[in-house]
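Student: Quick mapping for you: the protein sequence lines, in order, are chains A and B.
Sequential numbering from 229 applies to the first sequence in the working numbering.
Sequential numbering from 132 applies to the second sequence in the working numbering.
A few of these clues could be false.
As the list claims (entries may be wrong) - Interface residues of chain B toward chain A, partial, derived using beta-carbon atoms under 7 Å:
id	residue
1	132
2	133
3	134
4	164
5	168
What the hints contain is simulated information worked out from the structure, not anything from laboratory work.
Backbone N, C-alpha and C define an ideal beta-carbon position, used for all residues, glycine too.
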Amino acid sequence: MTVDSVPPFGEVVGAPTAAPSPRPRRGAADKGIALTGELLITAGVVLGLYVLWQLFYTDVQSERTQSAALEQVVFPEPAATPALTSSGAGAGEAGETSTPLEMIPDDLKVYSPAGAPVMAEPAEATTFAALWVPRWGSDYIKPVSEGTDRHTTLDRLGIGHYTDTAMPGEVGNFAIAGHRTTYGKPFTDINTLEVGDALVVQTDGAWYVYRVTSTQIVQPEQVEVIAPVPNQPGTAPTVASITLTSCHPRYSAEQRYIVHGELEYWAPAGHGYPQEVFDQS
Amino acid sequence: MMYPWIWRHLPGPAWAKVTMLVLAAAIVVLSLFEWVFPWIFEALPYQDQTVGDA
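Construct the complete structure from the given sequences, taking the supplied hints into account.
Tutor: Structure, rendered in structure tokens:
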């Protein structure tokens with residue numbers, strides 16, 4: 229059957245009887261109803277497309293931007309899933325045989341924020357660190373960029389660092405935000421983090437291994453969660469904390485899901501990877 | 132009304148009309164995805180994941 233034999237939809241509206249011919253003459257009211265129907269159907273399709281765009285296409289766009297951002301910052305250890313040597317197979321590029329992956333030796337680990345290299349706060353929307361979360365897979369490596377502006381940072385570069393909060397390794401609270409859904413959704417599984425999980429921050433100068441100490445769900449206006457001492461604004465900090473904030477519940481912006489952690493140790497970059505990033509928790 | 136009108140006014144045989152309509156739909160969807168929806172989203176309060184600016 230050819231497409232020609234199908235009556236264009238809309239023509240059916242206003243046909244008073246089942247008789248296909250002769251085609252009845254339609255009044256202005258019928259035409260108005262038909263047009264309204266078409267416009268409503270179109271609006272419905274556009275709304276459906278919007279949902280598809282938001283839930284899926286923004287991920288496509290942002291993941292592209294975020295991997296590009298990560299490739300632009302060069303760390304001593306590549307911020308890419310290193311091929312684990314235990315598998316033996318030559319997963320290296322250009323047929324290279326994989327050399328044993330170097331792990332940070334214990335004597336380089338400093339279990340105190342004292343002496344940790346603290347980088348200066350970079351310009352807005354500058355990617356300055358990578359976040360590794362073993363709980364979310366050994367391939368979970370996301371760029372961390374300066375600022376929490378949605379347009380320039382959160383919707384494009386992914387994880388954003390609250391301006392004027394501590395930098396990685398610094399005594400105070402290294403506070404970062406990320407989308408729970410859409411735009412690459414870096415913190416989509418934030419509710420799966422448990423006390424003791426490693427949160428590893430990689431910068432040009434060092435590795436910082438934090439451990440989750442607590443989680444909480446708060447109202448959006450509770451800014452004390454990113455205070456230098458979390459939940460105790462005005463208190464002088466003595467430890468290096470990390471705080472992750474994201475939406476809660478998922479697909480909503482009603483509340484905020486908060487994860488707090490504390491620095492376990494740091495180590496200078498250039499001596500291999502921390503074992504934690506390969507530990508399957 | 133408008134869709135039958137478009138169908139009647141497109142030249143060529145049915146398969147050519149269908150091709151043109153598919154192309155047009157693709158262009159419309161792509162421009163919605165790339166420009167219109169991001170612009171609408173900017174104006175909406177959803178998806179804030181920071182504290183303090185709600």
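Student: For the restraint on residue 168 of chain B, tell me whether the closest CB of chain A is nearer than 7 Å.
Tutor: Holds. Min distance 5 Å.
Student: Against chain A, run the beta carbon of residue 133 of chain B and see if the smallest gap drops under 7 Å.
Tutor: 6 Å, holds
Student: A closest beta-carbon separation below 7 Å is what the hint needs, so does residue 134 of chain B meet it against chain A?
Tutor: Holds. Min distance 6 Å.
Student: Min Cβ distance, residue 132 of chain B to chain A: is it shorter than 7 Å?
Tutor: 4 Å, holds
Student: With a cut-off of 7 Å on the beta carbons, see whether residue 164 of chain B makes it to chain A.
Tutor: 5 Å, holds
The earlier numbered hints are all upheld by this structure, with none contradicted.
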